[in-house]
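Engineer: Those sequence lines, one after another, are chains A and B. Residue 1 is where the first sequence starts when you use the working numbering, and the numbers rise one by one after that. Residue 1 is where the second sequence starts when you use the working numbering, and the numbers rise one by one after that.
It should be emphasised that the hints constitute simulated quantities derived from the structure, not laboratory data. Here the structure is a predicted model, which is why all the values come from computation and not from measurement. For glycine and all other residues, C-beta sits at the position ideal for the given N, C-alpha and C. Possibly wrong hints are sitting among the right ones.
Stated by the list, open to error - Okay, the calculated bits of chain B under chain A, using three or more residues with CB under 8 Å as the criterion:
id	region
1	182-193
2	198-206
3	212-219
4	283-297
What the hints assert, rightly or not - Some chain A residues flagged as far from chain B (calculated, every beta-carbon gap over 10 Å):
id	residue
5	V24
6	G75
7	N147
8	E223
Number of protein chains: 2
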Amino acid sequence: MSLLVVGSIALDTVETPARKAETVLGGSAVYFSAAAHRYTPVRLVGVVGEDFPEEHREFLKSMDVDIAGLAVQPGETFRWHGKYQGAMNEAETVSVDLNVFGEFDPVLPQSFRESDFVFLANGAPQVQMKVLEQVKGATLTVADTMNLWIETAREALDQVIGSIDVLCLNENEARMLTGEHLIARAARRLMDLGLKAGVIKKGEHGMTLATAGATCALPAFPEENVADPTGAGDSFAGAMMGYLAREGKTDAASLMRAAAHGIAMASFTVGGFGPQHIADIPIEKVEERVHQLRAICTF
Amino acid sequence: MSLLVVGSIALDTVETPARKAETVLGGSAVYFSAAAHRYTPVRLVGVVGEDFPEEHREFLKSMDVDIAGLAVQPGETFRWHGKYQGAMNEAETVSVDLNVFGEFDPVLPQSFRESDFVFLANGAPQVQMKVLEQVKGATLTVADTMNLWIETAREALDQVIGSIDVLCLNENEARMLTGEHLIARAARRLMDLGLKAGVIKKGEHGMTLATAGATCALPAFPEENVADPTGAGDSFAGAMMGYLAREGKTDAASLMRAAAHGIAMASFTVGGFGPQHIADIPIEKVEERVHQLRAICTF
């Protein structure tokens, strides 16, 4: 079934203890697509500036991503400069230049409006709402968010939450949004918000999935070599949504299997640099890691 | 098979946001026994003062705990006063009075020396070594430790680690001991220390088990009502060791199943107050939660 992603396309500068990569391709929609394209073709909506290199456009096309929704605006592409230290759990943002992404006004091509599976990557809830208003008859709508919007745009975020099926957010964001310290409680509170499911990403601690019937959880794949965590959450979402769109399913058991694919994919993401190396991973390798993940938590 | 625990017996004062319990029965060996006795009879070695209430001794006897190794010394019983706030992840120690436990010189009754399964609860590594020197031909020796000993008695702790089969410690202690931020790496470094297995307790994030062949992990049981986390780690260990002693097994798959029992038991521990309420939980209830835990992470 068709899969739509709306999110950022960025030129990232990423510093890790091991290396510094300058002005490389990044952004939530890119990492999402690099993971999802292994499962099903992706429709992408985003915006770049006139400086966006042709090679990056070619990279998206090489993954069979439909870039009919990729707008080019006068000005520069969104730039993010992040730095990872120590445990590399969280990036310290050195600088952000929203550039054309600051005025992002997503317009979905007519052919994208009836997408079956829709993923709204982290972004201003007002912008996410604009997308939801254009989408018609989707099977599953999923949105990601972040602390910034929970703190500064709660009303708009609540409107998004009231309009989607599944919210995807990280551990501390789940705590912040629900006011619950304990993840098991935060998971249940997400359901009180009227969602069909809540996906709480916990980094090296894996994932908690809240559905109407149960709170489930999976450990992370024990990847020992974390080179660069950039894009881990977006590629998790990409594999999760790609799996669901490929299978055409949205039940709780399918969400768990999809999350396992997300965990497997994210473990590849953190082990290397940039979206290109995920895009190159054969689906068989991901499936092998899904099987390993199953073995890891079987008793 | 026979199961021996050596650890503290305390009179605890515990403050949580909901209530304050003063001078109640606590201590690592007590929580361990309350969990383990459901699986197999427990032999206990510890020390109390002359003030130790008869009712607590009766409680231990009521669980079929062999208290032939319970020494009574002139002076007062070990007292710990802890306070939990906010996320209740970690106790803030208000006060500690080691009293007779400060001079704890464990002497194992002759009948305890050939115990098959031995658990050294958290304590000074020098004291743990004294126990190991008295134990002969054990099938499995497991020790717990804490940040205090990692920081102040590393040499003695290394000697303990070199003499046991399995080390049990919490997430941050594993990081401190191995110098690795990432739990997946810390787990492997534990194996480099010559252990047969490492058990990393991660609270609401579950447990990581390192064995020679693999790094496995289980999520926590999503208990939403955390009343008092005191004794969670010790009752985890009690159920784990109780299960292994009952089954008479020490292979990796059995360790995983044992850890699942530990997680299930610990979820009961945090849901109530004191060791008595764990002691009263029928084994069928624990087994039911083990099955639920399996369902929670099945995909």
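Engineer: All hints are to be evaluated individually against the structure, with a verdict given for each.
Structural biologist: Hints, verified against the model:
{"no.": "1", "hint": "182-193", "result": "holds (count 6)"}
{"no.": "2", "hint": "198-206", "result": "holds (count 4)"}
{"no.": "3", "hint": "212-219", "result": "holds (count 6)"}
{"no.": "4", "hint": "283-297", "result": "holds (count 4)"}
{"no.": "5", "hint": "V24", "result": "24 Å, holds"}
{"no.": "6", "hint": "G75", "result": "39 Å, holds"}
{"no.": "7", "hint": "N147", "result": "17 Å, holds"}
{"no.": "8", "hint": "E223", "result": "6 Å, violated"}
The structure shown violates just one earlier hint, number 8.
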